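Colleague: Assemble the whole structure, with the sequences as input and the hints as a guide.
Residues per chain are reported as follows:
There are 2 protein chains.
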Amino acid sequence: LESGMFVLARSILDKMPACDVAFLLESSPPGYRKVLWNLTDHDQHGEILEELNEDAKDGIINLMGTDNLVAATEGMETDGLAYVLRGIPDSVYRAVLEQMDTQDRQRVELALAYPEDTAGSIMNTDTTTVRPDVTIEVVLRYLRLKGSLPDTTDALYVVDTDNKLLGDVSLSTLLTEEPNSMIADVMNHDTEPLQALMEENEIAKLFERHDWISAPVIDSDRQLLGRITIDDIVDIIRENAEHSMMGMAGMDDDEDTFAPILPSAKRRTVWLSVNLMAAFIAASVSNMFEATLEQVATLAVLMTIVPSMGGIAGNQTLALVIRGIAVGHISSSNTRWLIGKEAAIGLLNGMIWAILVATAVVLWKGDLQVGYIIAGAMFINLSIAGIAGVCIPLLMHKYKIDPALAGGMALTTVTDVIGLFSFLGMATLVLRH
Amino acid sequence: LESGMFVLARSILDKMPACDVAFLLESSPPGYRKVLWNLTDHDQHGEILEELNEDAKDGIINLMGTDNLVAATEGMETDGLAYVLRGIPDSVYRAVLEQMDTQDRQRVELALAYPEDTAGSIMNTDTTTVRPDVTIEVVLRYLRLKGSLPDTTDALYVVDTDNKLLGDVSLSTLLTEEPNSMIADVMNHDTEPLQALMEENEIAKLFERHDWISAPVIDSDRQLLGRITIDDIVDIIRENAEHSMMGMAGMDDDEDTFAPILPSAKRRTVWLSVNLMAAFIAASVSNMFEATLEQVATLAVLMTIVPSMGGIAGNQTLALVIRGIAVGHISSSNTRWLIGKEAAIGLLNGMIWAILVATAVVLWKGDLQVGYIIAGAMFINLSIAGIAGVCIPLLMHKYKIDPALAGGMALTTVTDVIGLFSFLGMATLVLRH
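Residue numbers (my numbering), protein chains in the order written: chain A, 627 to 1059; chain B, 627 to 1059.
Everything labelled a hint here was simulated from the structure, so no lab data went into it. This one's a predicted model, so the numbers in the text were calculated from it and none came from an experiment. It is possible that some hints are incorrect.
Since the list gives no way to pick out one identical chain from another, each pair is judged satisfied if it fits inside one copy or across any two copies.
Stated by the list, open to error - Straight-line C-alpha distance at most 25 Å; calculated SDA-like pairs for lysine to any residue:
#1 660 to 836
#2 1024 to 823
#3 831 to 1027
#4 991 to 913
#5 991 to 921
#6 991 to 906
#7 831 to 878
#8 790 to 969
#9 831 to 662
#10 892 to 981
#11 641 to 957
#12 772 to 798
#13 660 to 711
#14 831 to 676
#15 641 to 796
#16 641 to 815
#17 790 to 729
#18 641 to 676
#19 991 to 789
#20 892 to 985
#21 831 to 670
Modeller: If you want it as structure tokens, here you go:
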């Protein structure tokens, strides 16, 4: 591509499926992205947009004119359309809607009316429904007339004349049961439908636990609205897990690896500011003991060890608890057990590392007193780090603060303050006597 | 349950699907787990084991006698059976195999012969195959005779007389095409089969990119061996993302939230030891400047700020790059661009934070000289942190070291050493003049 072989590149891109083009776009720095996008087939634009991550999608839409966007969105499925149009500027959004036909517009407005991240906003409206009082033979004839089924269809939904969901009948059942059986007799009555306002994280947990391929979405009247398919759920599951990982490093999970420099630097500022405050809090703890530090410079050399070990021990517990909260394993019934367990591990680790570190320090510095001090501080800090590692995320979760985002910083501040305070405080006490 | 209402609990458990019982077991501390397990229905044991995470599964198997384990594994599907039997002690494994019938034993031995985490080890052998030279009508009659299809079947595989894969035909096609069409005319010839030795991470990426529900597994002769279904892939995707998050905190992603105290403490020791070494490396850097620290105790108070900011900035970049490597967006073609981008962000952030921190320190300590020193050190450390945040994980990935595991510790050591060295080094130079 760098050598300007555009014609060749275009013919290669034309042959690629949309998902691969999207992957290629996501893997390219902004400059290349623009060139690549202009080389792609216009007919594929809609599909490619749908497959891109949020940041990359918004970047590309900014490059497109409204006309092109309207052309690209033609014939797209509701969930994809809602995804593409969410977050674009209001003026462009209105222009796109105006140029759509009525049916498409209604579908999109329906989906966008539901809050982001609920079943209503990620569902697809392409359900295939049947009545309970017909035979399989009739359904088969209807399907052959229809000629095709939407992607990822594993079941047809059985509804009454009011479009209320009665259950579902899987494609397997249609193929394996006798043609003269009634749908009512072979259908699955235990379908667990999703409420339109259900949160996507809850939905993902249900899909994962029950190994669903698709699930129907209903409104409060049990009327069938649409369906959610596993391919959307896979994205949600990965995003959630990434959210924990990126969040712990103070990054937004939507952050595009190849985002331009200025927006990237700006987004990272928040986290660096928070850390600066935490660092100054820790520094002000040391500041309380400036007189002691002046007397014994060795203390300054050693004072970073205890906070560092406390931070690591606390973060191990924190990661465990954040994952436990995310997958739903931790509830009020087992928190007390968990706090007890992590406190016990903290005490045990505290004892082990107090002895090890003290020995190392005495061997290095030849000062028995400093050994006692660092042992005491290490024991205190590791014991508290374990408890803080459980309690901080649980309290945050209770007060609706995301522990993946704020937990690590809060924890490190606690272990830094306690580590420095116990080490320098004990040193001050020992020096006075 | 605590009040001893075992009969009630048993009847509730009996009515729960296996996946919910497994979730309940995973959410329980070890003591309760044992009680709960003994209350569950024996017929469900196999299904429950299959749904448990590795740590919890191995714990429960230790509670079961060999006879019970054999009984539980009866009638299980190959992939579940392979999962349950992997990692159990050799003597138990042989005893279980001996009590199986020949066909089951062969299936399990086949699956366990493939290395863990390859297509062969996670595949299921319950494929339904058809020949290309028959009509849909014939297939429909065959399916009705069969009476049912395995779970998550979205397509039948078309094979020749040698069991070599020719393509697939989806259930949708069987339902919507005319009964007198030949399979050869309606089948999909572009099926992308998975090689038995393909790695599960690669497979997960393919499933995610192509929105597959299931995919056939073949050997090097194109002979059909089995199939992999989306429900297993969902687990892999979540585990991979969790691996990055837990790994960055120095935890094993298999770690059970409710694991007993001693094994937990033991597992965390490795990471704390590594950190202790890192902390001592940082301390030995400060130690080089003990004379300077003795002269100006304020330096000791402020010396933790620069390493802390460097660590945070570096970790932001690291998280971005680790995710980029995990999803496959980063390759040799775009690393140079990425290093350039992160270096630029580092320089920009370095300038901003150098000015801010220096101002804060001058206001606090009223010492202009210390302000200059901390500004210089901050600029150096943040600039290098950005570059280190890209280069460390990329180098580790090149040399097959997992950056999610070792990256954070290596990075923090680098930013600590450079932060302390630049801050204390410059202070020493300034003091001499």
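Colleague: Are the hints correct? Go through all of them and say.
Modeller: Verification of the supplied hints:
1. Taking the shortest alpha-carbon separations for residue 660 and residue 836, only the inter-copy value of 24 Å comes in at or below 25 Å, while the best intra-copy value is 42 Å.
2. Taking CA atoms no more than 25 Å apart as the test, residue 1024 paired with residue 823 passes inside one copy only; the shortest distance there is 21 Å, against 45 Å between copies.
3. Taking the closest pair of Cα atoms, residue 831 and residue 1027 come within 25 Å of each other only inside a single copy of the chain (20 Å); across copies the shortest separation is 32 Å, beyond that limit.
4. Both within a single protomer and between protomers do residue 991 and residue 913 lie at most 25 Å apart by alpha-carbon distance, with minima of 24 Å and 10 Å respectively.
5. With identical chains, the CA atoms of residue 991 and residue 921 are at most 25 Å apart both within one copy (16 Å) and between copies (19 Å).
6. Proximity of residue 991 and residue 906 under a CA criterion of 25 Å is satisfied inter-copy only: 12 Å between copies versus 28 Å inside one chain copy.
7. When the C-alpha separation of residue 831 and residue 878 is checked against a cutoff of 25 Å, the pair qualifies both within a copy, at 22 Å, and between copies, at 22 Å.
8. Within a single copy, residue 790 and residue 969 get their C-alpha atoms no closer than 52 Å, and across copies no closer than 58 Å, so neither meets the 25 Å cut-off.
9. Proximity of residue 831 and residue 662 under a CA criterion of 25 Å is satisfied inter-copy only: 22 Å between copies versus 37 Å inside one chain copy.
10. Taking the closest pair of Cα atoms, residue 892 and residue 981 come within 25 Å of each other only across two copies (16 Å); inside a single copy the shortest separation is 44 Å, beyond that limit.
11. Taking CA atoms no more than 25 Å apart as the test, residue 641 paired with residue 957 passes between copies only; the shortest distance there is 22 Å, against 50 Å inside one copy.
12. Taking CA atoms no more than 25 Å apart as the test, residue 772 paired with residue 798 passes in both settings, with 18 Å inside one copy and 11 Å between copies.
13. For the homomeric pair residue 660 and residue 711, the shortest alpha-carbon distance inside one copy (20 Å) is at most 25 Å, but the shortest distance between copies (51 Å) is not.
14. For the homomeric pair residue 831 and residue 676, the shortest alpha-carbon distances inside one copy (23 Å) and between copies (17 Å) are both at most 25 Å.
15. For a Cα distance limit of 25 Å, the shortest separation of residue 641 from residue 796 across copies, 23 Å, qualifies, whereas the shortest one inside one copy, 34 Å, does not.
16. In this assembly of identical chains, the alpha carbons of residue 641 and residue 815 lie at most 25 Å apart only when taken from different copies (16 Å versus 44 Å within one copy).
17. With identical chains, the CA atoms of residue 790 and residue 729 are at most 25 Å apart within one copy only, with a shortest distance of 21 Å there and 46 Å across copies.
18. With identical chains, the CA atoms of residue 641 and residue 676 are at most 25 Å apart within one copy only, with a shortest distance of 18 Å there and 41 Å across copies.
19. In this homomeric assembly, residue 991 and residue 789 never come within 25 Å of each other (Cα to Cα): the closest approach is 80 Å inside a single copy and 73 Å across copies.
20. For a Cα distance limit of 25 Å, the shortest separation of residue 892 from residue 985 across copies, 20 Å, qualifies, whereas the shortest one inside one copy, 45 Å, does not.
21. Within a single copy, residue 831 and residue 670 get their C-alpha atoms only as close as 32 Å, which misses the 25 Å cut-off; across copies the closest is 21 Å, which meets it.
When each numbered hint is compared with the structure, violations occur for hints 8 and 19.
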